[in-house]
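Participant: Now that you have both chains on their own, put them together as the hints suggest.
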Amino acid sequence: MPPSSPDHPAHSAKPNYLKWLLGQSSRQGLWSLPLIIALAIALGLSVTTQQFTSTGNLFNLITQAMPLIITAIGQMFVIVIGGLDLSVGSVISLSTAILALGGPAYILIPAVFLLAALIGAVNGIVVTRLNVHPIIATLSMQYIVLGVTRILRPVSGGTVPDIVITSVSGTLLGIPLPVFWGIAVLLLSWKLLHGARFGLHLFAIGGGIASGMEKVAHNFGVAERRNILLAYVTCSCFAALAGVFLAGRIVSGDPNVGLLFELDAITAVAIGGTQLSGGVGSLHGTVIGALVMALLANGMNLTNMSPFIQTTIKGAILLLVVGLQSRKKMGL
Amino acid sequence: MILADRTWQRLRRIPPSYLVFAALLLTLWVLRPHMMNPNILGIFIRQIVPLGILVLGQLLVMRVRSIDLSGGGVILLINYYISSGLFPGASMMTFIAMAIATGLIIGTFNGIMIAKRRVSAVIVTLAVSIVLVGFVQYLSSGKPPGDVPAMFAALYNTKLLGVPTPVLLWIALTLLMSLFLARTVFGRAVASVGENLTAAHFSGVAVERTVIVAHILAGLMAALAALVQTASIAVGSVRVGLDLPILAVAATILGGVVFGRGEGGVWGPFFGVLSFALLFILMTTLGVDEPGKLIIQGFIILLAAIFYGVRSAKP
Chain A
2 MPPSSPDHPA HSAKPNYLKW LLGQSSRQGL WSLPLIIALA IALGLSVTTQ
52 QFTSTGNLFN LITQAMPLII TAIGQMFVIV IGGLDLSVGS VISLSTAILA
102 LGGPAYILIP AVFLLAALIG AVNGIVVTRL NVHPIIATLS MQYIVLGVTR
152 ILRPVSGGTV PDIVITSVSG TLLGIPLPVF WGIAVLLLSW KLLHGARFGL
202 HLFAIGGGIA SGMEKVAHNF GVAERRNILL AYVTCSCFAA LAGVFLAGRI
252 VSGDPNVGLL FELDAITAVA IGGTQLSGGV GSLHGTVIGA LVMALLANGM
302 NLTNMSPFIQ TTIKGAILLL VVGLQSRKKM GL
Chain B
37 MILADRTWQR LRRIPPSYLV FAALLLTLWV LRPHMMNPNI LGIFIRQIVP
87 LGILVLGQLL VMRVRSIDLS GGGVILLINY YISSGLFPGA SMMTFIAMAI
137 ATGLIIGTFN GIMIAKRRVS AVIVTLAVSI VLVGFVQYLS SGKPPGDVPA
187 MFAALYNTKL LGVPTPVLLW IALTLLMSLF LARTVFGRAV ASVGENLTAA
237 HFSGVAVERT VIVAHILAGL MAALAALVQT ASIAVGSVRV GLDLPILAVA
287 ATILGGVVFG RGEGGVWGPF FGVLSFALLF ILMTTLGVDE PGKLIIQGFI
337 ILLAAIFYGV RSAKP
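Protein chains in written order, with the numbering used here: chain A, 2 to 333; chain B, 37 to 351.
Excised from the complex, chain B in its bound form (with noise of 0.2 Å):
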């Protein structure tokens, strides 16, 4: 009996998202044995990479109970940025450069505001995005920027062992994040401020610099994100990635985390954005359509959710 609930324990602590994968993944073998060619599965999951780097921030966000929502904006500027030809001649590390320090110039903000003056990280983050969204439809006027330099694409085109580069620096940085995450105080600190932030203030835990870091962190992750979305859509664009971070909470969510718990770990929402892209190539191979689509994805998540919503409700 007590093996039994040990089972039991284990069993649930499995977030849904491998689950759910697992199906997917039989269907697809079933259904369409021919797609499951590693070469046609890496294509597919080369172009969930830019929502899957940006889930590395959101889980860490949503950790210590916050949210951000400004992923959308931050992709938005970075990409007009680099396609706008506004800065001629700079090369594509200064790209990065800028890149990364605009993501960390606005993670820095989220985290002041939500950690320092407690407003509302949902709205903070939105504001923000809105600020971001408005700004780049000004300076482009609505209209679509120029090209991306062809070295974004190039890069973006590489294969490493036989594993596109993208995919390769998507697993690097989910490897970093879990080490990060399981080896370091930061990691403990994060885990302490989810459980409960007052516990975690009164046992020393810097509860505003974590969650600052937290957001810095998260930043650092759109900006990345940015950068690959940029070099995959090789043009510019005005309305790229703006739906993106709502599918990174709903991923983070199919990978076990939600807000203040963190029992999906790193590979958990890994899995999610995994799912997301075994859906959308299940979908299409069967022809489903746009609202069938949609319909789908709203109860596969809803059902992740209930499903882990239900196992975690205090008795």
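Isolated chain A, as found in the complex (with noise of 0.2 Å):
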């Protein structure tokens, strides 16, 4: 009998048919389980309320989970390649506060995305070139940049401008324009991960690394670095274009309106079947955990049930789905 060791366990000799069923072995990830899941919520409130299937509801349903689709976008960049974003609440935050410094919108608009992309590229450089772990680096990154969002606003207020407002309350030909903002967020990632090199490249870098051979990539002629730096960056802008939203959405600029993000969003992509190891992710899984999360909140409150049993229920889908995807190597 040949020696199970700790990369190769010997239960996974076995051919396992539920796992086959899941489609474990892709590349994508287990997405069709967390499908599943927000089929059977979805289904579960059509029958229990009237309110649910109303055109009211659904488009209120997409503003709801718009941010958190965003960032958790985002988010899946860094993780397919095996890091992890921790400053993405922190960016959010930041972002509504400089939209309500007031001002003329062509310049708080592209000053948001520029310095989101500046902080992304430093978590980037701290990554790839210092040799500090991804936790530590967006950590301290979360730390300094709530500082400095408190001390541009350290209470909500503050008023962002009208053009900002309009793009998340507005409707066109009789749609809300979030639905828009969806459609062109799912076109823009779409691009950037099978579209452009750039999404080839991540799953080769993150691939590298879970399997355990860092510099396979790199040896290949992938311009690791780069492209690591260019994940963070990506993740950074995503989350400044959530804050965005959510600055037309609440009318102000919230120092509070990030807190807690960034679990939420590695939440969803981990529901959305993405590892964590790297090199195995979707963004239609993504785009999945995002709703099964919006769905959960959204049947919440049209059922009146305790938001905080939301809570619990939500720790023990991501339990059940990451429980379901074991995996050949041990770790973060």
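Bear in mind the hints are in silico, worked out from the structure with no lab data behind them. Small disclaimer: the values here were computed from a predicted structure and weren't measured. Heads up, some of the hints might be wrong.
[Stated by the list, open to error] Rough simulated footprint, nothing fancy, chain A against chain B, three-plus residues with beta-carbon under 8 Å:
1) 66-73
2) 100-110
3) 205-215
4) 322-330
[What the hints assert, rightly or not] Here are some chain B residues pointing at chain A (derived, C-beta under 10 Å):
5) F171
6) Y174
7) S176
8) P180
9) P185
10) M187
11) L191
12) P200
13) T234
14) V243
15) S268
16) I269
17) F335
18) I336
19) L339
20) A341
[To be verified] With a cut-off of at most 25 Å between alpha-carbon atoms, the simulated BS3-like pairs for lysine-lysine come out as follows:
21) A/K329 - A/K192
22) B/K329 - A/K329
23) A/K330 - B/K152
Beta carbons: idealized from backbone N, C-alpha and C, even for Gly.
Facilitator: Spelled out as structure tokens, the structure:
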């Protein structure tokens, strides 16, 4: 009998039809189970409540889910390369604070994205050049950015430019604008992940790290450091975009609006089947993960259940989904 | 030249926390000499004991390349047991036994999920924390529960030989952990698993068991931290201790222990926690406001990690 090394557990040799059915071996990760969960919640809600399927509620659901969807997609870019970005919550708060500073929108909006790109670039440089673990690098960035945000805007207030408010609350051809936000974000992230070499390189880097061969992508000619840096920049810019959306929704700057958002984003990405060890993940899985969380929140509102049981259910779903996809390697 | 190399190598092994601690102590001594009073320092250090105890578990799991973010949920749950009045007439020993049992159960669950199921440690412990926090908030409907039995506060406020009892407990636990890691087979196993998982496995180290035991001990430490934290605030809360696990990670890194590497031993992270206490004292006496504290804290963690990352870079 061959020895079962920690990298190759003996039980993985047995055929597991449940795993096969759930698409365990795919590079996209386990996304069918969360899809079933999301559909089950939606079905349950449409049977038990009348409001759920109303057009108003569905548009409302999209508006509620949009910041999480945007942040989670950004987070996925970093998780696919085996990293983690804990600074996105602070970046969201910072973006709303900057938009509420007062001034013309054509200065404020570029400023938000420039600053976010800068934060992402610092994260990326600290991780790739200075050899710091991503959790630590982005955790300290979270503290620093939150501190700066609280200096800019100690309590919530101020007004954001009109164009930001209209872009969230307005309608086009009778359809609320958040729907178009969603389409634009999906197109952009699909282009980055599947329509450009960038996404392919990210999967190559993450796959190498996940299989314990850190330099493998580099040896195949992928500019590892540059792509990792760009992944952090992408993640930060997506967080800034979520911040712009939230600023338009709450019409002011709020230093606490992004608090713990990074954990929600990581939860959504993980529910969607993306592996934290890198190399395995998908865009549609991430969107499904964010939708599961939004559906839970929406359902609790409609059925008047305690909002606190929602947290427990969220954690239980997360445990169930990640518990079903065991990896070859032990670790973070 | 060789001598210089050796000195340099020895210097490079010093965990960042010793340097940060020395620098902060010097700054405090220069700027606010009257604060260098054992009584005042003792009170401040007493407040950081829950973090200090949590760090003992965190450094253990980080040395076996894992992480434990569930401490926040454990602390919240145990705080709820004790303060909610759900168990009227329970003695202090009962509460302590219940807390320790909770810590052991959650630690075992974490360990089995991570070592046997090979699920991501970040996600499992985060999910456990989410479940526990949601559970406590559901039971209490988001309202703070009642008061903590007076015995806890009474014990918390005692002193032995002029040192607050919680601080003595912390030092004793740190000493135990340091002996445990240095003198037992388990300590060797932890070091070898951290160094190289596959090599450890083929050298006959029970890798899975080592990781599970590390997580069980981390759960135990979280339970002890919860008891001290509950005694220190003396009331129930639905928010207590939620930011402690991530601070514990930061203090551990500051102490020279990173995922898989344990050069800082147990005393590096110990001084990492003390550095946080000193930083808090210093910034409070200097009147730095809350945003300033966040920024300074962020920079200190970042600089320590960069200092550590650059020197441990592989050629």
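Participant: Check each numbered hint from earlier against the structure, then list the numbers of those it violates in ascending order.
Facilitator: Hints 1, 3, 8, 9, 10, 11, 12, 15, 16, 21 and 22 are the ones this structure does not satisfy, whereas the remaining hints hold.
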